[in-house]
Amino acid sequence: MHGEDASLRILKWNDVCPPKSIVVKIAEASFAEVYRISNEHGVSIIKVIRLASPIKAQTSTQVKNGLVDEEPRSVTDVEGELMISDWLADIPGFVMYKEHYVVKGKATKKLLDTHQAFHRRIKREDPDRIQFYPSPSRYLNDTKFLVIELGDAGTALEDWTLTDVYQLWDIFLLEAIALARAEDALLFEHRDLHEGNVCIKRTRRPKSRENDSNTWFGYSGLEITILDYGLSRAQDPARQAALPVAYNLENDLSLFTSTHAPQCEVYRQMRSFLLRGNREWIPPEGHGTPNPKGPKGTISWTSYMPYTNILWMAYLYRYLCDHFAGPSTELEQFKSQTSELWTHLDPYAEEDVRCFTSANELVFFALNADWIQLDQLAGVDDSVVEREDSIVVTREEEA
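Here the sequence shown is numbered in our numbering, starting from 305 and rising by one per residue.
Just so you know, the hints here were simulated from the structure itself, not pulled from any lab data. Model, not experiment: these values are computed from the prediction. The reader is advised that the hints may include incorrect statements.
[Said to hold, decoys possible] Taking lysine to aspartate or glutamate and the EDC-like style, the derived pairs with C-alpha atoms no more than 16 Å apart in a straight line are:
1. K360 with D381
2. K360 with E374
3. K316 with E634
4. K427 with D463
5. K360 with D373
6. K316 with D468
[Said to hold, decoys possible] Estimated spans, in silico, between C-beta atoms of each pair:
7. V328 with N555: 26 to 32 Å
8. T365 with E634: 45 to 51 Å
9. E383 with V328: 25 to 31 Å
10. E589 with T519: 15 to 21 Å
11. T661 with I434: 33 to 39 Å
12. E589 with A489: 27 to 33 Å
The C-beta atom is built at its ideal place from N, Cα and C for all residues, glycine as well.
Input sequences plus hints: build the corresponding full structure.
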C-alpha cells in the first residue's frame, strides 16, 4: 500500500456511526483518536488518523483555549503500523486487526457529542490538559481520515479500578508474557505502552488461591489487550532477511522534550538508551537536536533494543502500585514479594545493578520464582480468538 490505496473503501461518517449505533470516544493515542462503535453487527474499536486535507480554521474561543491541532499524517506514514497490526493479531494479548478504510466528509452529531463529552471529562480530571485533536465541528466535505478498525479490547487501564492484589499480578504478568512472545516472533518493541494503550476485560470468574501456593498468576479472571503500534518496531516473521518496520521518533522531538504526562519520561529514557547504551538519562532540554550521534553512530530507531519493553514494564509496575484502590496491606505484600524483581526493573537502579534486558528475561524470572507455572504459560494461548469481520456495513452493502 503506497499513498492512498485505490482498493480502500471510501466511507462517510454516517456509514461508520449511523443513527442506531452507539459511539463513545475512549482515548487519544499517538497521532490518533480512539472510539468504541457498537451496532447490530457487533462492537469494534476504531483508531481515527487525520490525513492531509482541508479543515475549518479554529474559532477565536478554540484559539483562546489553547487548542493544538495534531499534524495530519499520510497513508504511507501509517503503513508500518498496519503491517505490525496484522503480524501481531494472532499473538495472545494483542488487539485484533479487522480492516482499514478512508472516511471523508462532515461529522455526525453522535461523533461531535462524544468528542465534547470526552473533553469535558478530561478537563474535570486534568484542567491543564491540552486538546490536541480538532473538534468534529470543524470537519469539511473534503476532510479525510484513515480509520483502522480493531476488535473490542475492553476498558483502558487508565479507566479501570484496581481492587485486589490478583489484578496487579495478572495485569503485570500478562503484559510481560505478551511482549515476550512478540519479541520472540517479531523482534518487537512497543515503545508507547502507557495506561491508555493497555485494555482490561473480565473474561471469567475470579478463582481462589491456596494459602500455601507460591503461584500468584491466573486468579483475577482478567485478560489484557495491548493496542496502538504507531511508534512500534517489528520485523516480518515470514521473511528472514526482512528489513525492520519502525516509526522514526526523530520526526517529533516534542515526545522527548514534553513534561505534560508521566509517560514522557519513558520516551526520554528510550532515546537516551538508544543513544548511549546505558541508564544515564538525558533531561528534557537535552533532546532538542534531531538525529544526534552517539558512541555507535547516528541514532536509528530501526535498531532492536528490547530493553525499551522493560522500561514500559517498569512504568506499568509503578502505575499499578500508584493507582491500587484495594487494601493497603495487599499492596505492601505485593511490593514486598516483588522487591527483587523491582531491583532488576528499576530504571534508576545503580549502574552496577544488572537490569532485565527484555520481557523474555522478566518472564523467565517470574517462572523461576514460581509466580507462574509452565502449564499456565501454555494456557495463555486459550485467549486466542478467531479473526472477525468489520462491523461497518453501508446501506448499499447490506442491500
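These are the hints, each one checked on the structure:
no.: 1; hint: K360 with D381; result: violated (23 Å)
no.: 2; hint: K360 with E374; result: holds (14 Å)
no.: 3; hint: K316 with E634; result: violated (50 Å)
no.: 4; hint: K427 with D463; result: holds (15 Å)
no.: 5; hint: K360 with D373; result: holds (11 Å)
no.: 6; hint: K316 with D468; result: violated (44 Å)
no.: 7; hint: V328 with N555: 26 to 32 Å; result: holds (30 Å)
no.: 8; hint: T365 with E634: 45 to 51 Å; result: holds (47 Å)
no.: 9; hint: E383 with V328: 25 to 31 Å; result: holds (28 Å)
no.: 10; hint: E589 with T519: 15 to 21 Å; result: violated (46 Å)
no.: 11; hint: T661 with I434: 33 to 39 Å; result: holds (35 Å)
no.: 12; hint: E589 with A489: 27 to 33 Å; result: violated (38 Å)
In summary, the structure is inconsistent with hints 1, 3, 6, 10 and 12 from the numbered list given earlier, while agreeing with the others.
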